[in-house]
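Trainee: Residue numbers (this note's numbering), protein chains in the order written: chain E, 1 to 315; chain P, 1 to 315.
In case anyone wonders, no lab produced these hints; they're calculated from the structure. Hints may be right or wrong, so weigh each one.
Which copy? The list can't say, so a pair holds if one copy fits it or any two copies do.
Keeping only pairs whose Cα atoms sit at most 20 Å apart, straight-line, the calculated EDC-like set for lysine to aspartate or glutamate is [as the list claims (entries may be wrong)]:
| hint | residue 1 | residue 2 |
| --- | --- | --- |
| 1 | K90 | E207 |
| 2 | K90 | D6 |
| 3 | K90 | D142 |
| 4 | K179 | E207 |
| 5 | K90 | D67 |
| 6 | K61 | E249 |
| 7 | K61 | D155 |
| 8 | K271 | D205 |
| 9 | K90 | E57 |
| 10 | K179 | E256 |
| 11 | K271 | E245 |
Bear in mind the structure is a predicted one, so any value in this text is a computation, not a measurement.
2 protein chains.
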Amino acid sequence: MTVRIDKLALIGIGLLGASIARACRRAGCAETIVCADINADHRREALTLGLVEEAHEDPAKAVAGADMVILCIPVGACADAAAAIRDAMKPGAILSDVGSVKEMIARSVAPHVRPDVHFIPAHPVAGTEQSGPSAGFAELFDNRWCIITPLENTDEAALRRLTAFWQALGSRTEIMDAKHHDLVLAITSHVPHLIAYNIVITADDLETVTEREVIKYSAGGFRDFTRIAASDPVMWRDVFLNNREAVLEMLGRFSEDLSMLQRAIRSGDGKHLYELFSRSRRIRRAIIDAGQETPAPNFGRNMPADKTTPEQGRD
Amino acid sequence: MTVRIDKLALIGIGLLGASIARACRRAGCAETIVCADINADHRREALTLGLVEEAHEDPAKAVAGADMVILCIPVGACADAAAAIRDAMKPGAILSDVGSVKEMIARSVAPHVRPDVHFIPAHPVAGTEQSGPSAGFAELFDNRWCIITPLENTDEAALRRLTAFWQALGSRTEIMDAKHHDLVLAITSHVPHLIAYNIVITADDLETVTEREVIKYSAGGFRDFTRIAASDPVMWRDVFLNNREAVLEMLGRFSEDLSMLQRAIRSGDGKHLYELFSRSRRIRRAIIDAGQETPAPNFGRNMPADKTTPEQGRD
Chain E
1 MTVRIDKLAL IGIGLLGASI ARACRRAGCA ETIVCADINA DHRREALTLG
51 LVEEAHEDPA KAVAGADMVI LCIPVGACAD AAAAIRDAMK PGAILSDVGS
101 VKEMIARSVA PHVRPDVHFI PAHPVAGTEQ SGPSAGFAEL FDNRWCIITP
151 LENTDEAALR RLTAFWQALG SRTEIMDAKH HDLVLAITSH VPHLIAYNIV
201 ITADDLETVT EREVIKYSAG GFRDFTRIAA SDPVMWRDVF LNNREAVLEM
251 LGRFSEDLSM LQRAIRSGDG KHLYELFSRS RRIRRAIIDA GQETPAPNFG
301 RNMPADKTTP EQGRD
Chain P
1 MTVRIDKLAL IGIGLLGASI ARACRRAGCA ETIVCADINA DHRREALTLG
51 LVEEAHEDPA KAVAGADMVI LCIPVGACAD AAAAIRDAMK PGAILSDVGS
101 VKEMIARSVA PHVRPDVHFI PAHPVAGTEQ SGPSAGFAEL FDNRWCIITP
151 LENTDEAALR RLTAFWQALG SRTEIMDAKH HDLVLAITSH VPHLIAYNIV
201 ITADDLETVT EREVIKYSAG GFRDFTRIAA SDPVMWRDVF LNNREAVLEM
251 LGRFSEDLSM LQRAIRSGDG KHLYELFSRS RRIRRAIIDA GQETPAPNFG
301 RNMPADKTTP EQGRD
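So here's chain E without its partners, still in its complex pose (with noise of 0.2 Å):
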């Protein structure tokens, strides 16, 4: 099914607004795309890089006329904007979003939604650490999924377009309850990046190593985590306030299994680590066959060539 929009409407041109939009411009999808974005500079870089035809400060008006509009917004700020397009948005427009959490959006933002207006929450699982419309990239979203959460009455018609729109743009595509998407990313994506946050946290209040020694001998392992606690700290903190229970009940898993660990560590239970750690690899391994990791050793940092094509890559 192709897909075929007059407008569209972003609201929030950051690093997903503005991913969306070359996505889009790459696909040939969208006739016309504006965004609005509270920042100035944001949207005089969204022009800039031609990445939209208009550049709003008001939301309600880059909604005029859109048949699609996506909250390209951290999550604790959707309900706001969608109360502040209510009245503004085209009868039959579909609005979606890009939040890390979809059953507080689902609850927070539909009560703001017009009955006319096909609200369809969805999760492109895909990103980087980085901010703003110069971070985006056509590419972003290429063989990652996106996670669509229809609420109960949603519209067939409108959720097989949403679903072609993001088809479009390169990913690939599932329905899931929304209470289930929140536990699913509890573990794959909000306490990996709490955790990762909390080692920076712990290695740079040290006294007994100094953030000099961490920042030079990061390359044992360190580096790689301070990638995903990089990210954006207002869309993180929206995540974690509205994703709480999920959250906890991973985290508290989490710290089960370290409570373990530590126990092997301290009885010098070789026997038990080296079973644990053995199970990681087939993980990595399918992960990678899964076409959502790179073989390449070291994600092919400073690499060879040689050594990051596929074939060599492996283990």
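Start from chain E and add chain P according to the hints.
Mentor: Just chain P now, kept in the frame of chain E:
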């Protein structure tokens, strides 16, 4: 200072041993390179790849006549190897290692070293998640730090020679006290590996989220952790067993900080979360500026070329 070695013996020809051999060939600093390995496949591979002139099963045969001997085996195997080569070592030769733990290496290996041999522990902070001779490459040590932890009575000339050797291989070098090394590496390498292994274990053991889902949606952050969790399980078992005290201390700090984040999430303290999350970008920037990490977003994975140049990669 240029360094010239008539015969270099590598005990163990996995990722590290093979990379030393290749970097040595590139630098042209060893006349002859030989290895010992208990794994017959590794010995065969090392010869086929042209990494070494001779590959022995018996380490004593490999070290005969060698000016420099480097133990490139898991920390827990070093004492036995030192005992096995003791009588075969050439008088005046240098014996070193590449282990990620230094105090225990010094303590367990030293008793097996003859007084006429210069034993100097060292640790190149470099590696990938892959194993075996074919995983090695000459560039592994380029611009990475090699930490040398001399004993109290270490001969100055031998220390200069080992330092020059690592610099010839592309490394930057630092002299450090073994105990401090173990503390620094506990936070920059050992605890990161432990929590990476741990989250893979947690994700794998869930009942509410399937392994297939974890794999499918791993691009949300989880996949980053699977890289270091795919590291060699024997090597890492030995690291944790031999740097127990420092790892448990750092792990205690990590867990305290995690409890604090958990409390902030539970109580909905967005201000605190934002403040903590805001600190990380500065640290990552410093690591990139120190030349220890790529500036490309997403480690440069699946990025268009214009996003992986240093200028574009900056936030």
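Trainee: List in ascending order the numbers of the hints, as given earlier, that are violated by the structure.
Mentor: 1, 3, 6, 7, 10
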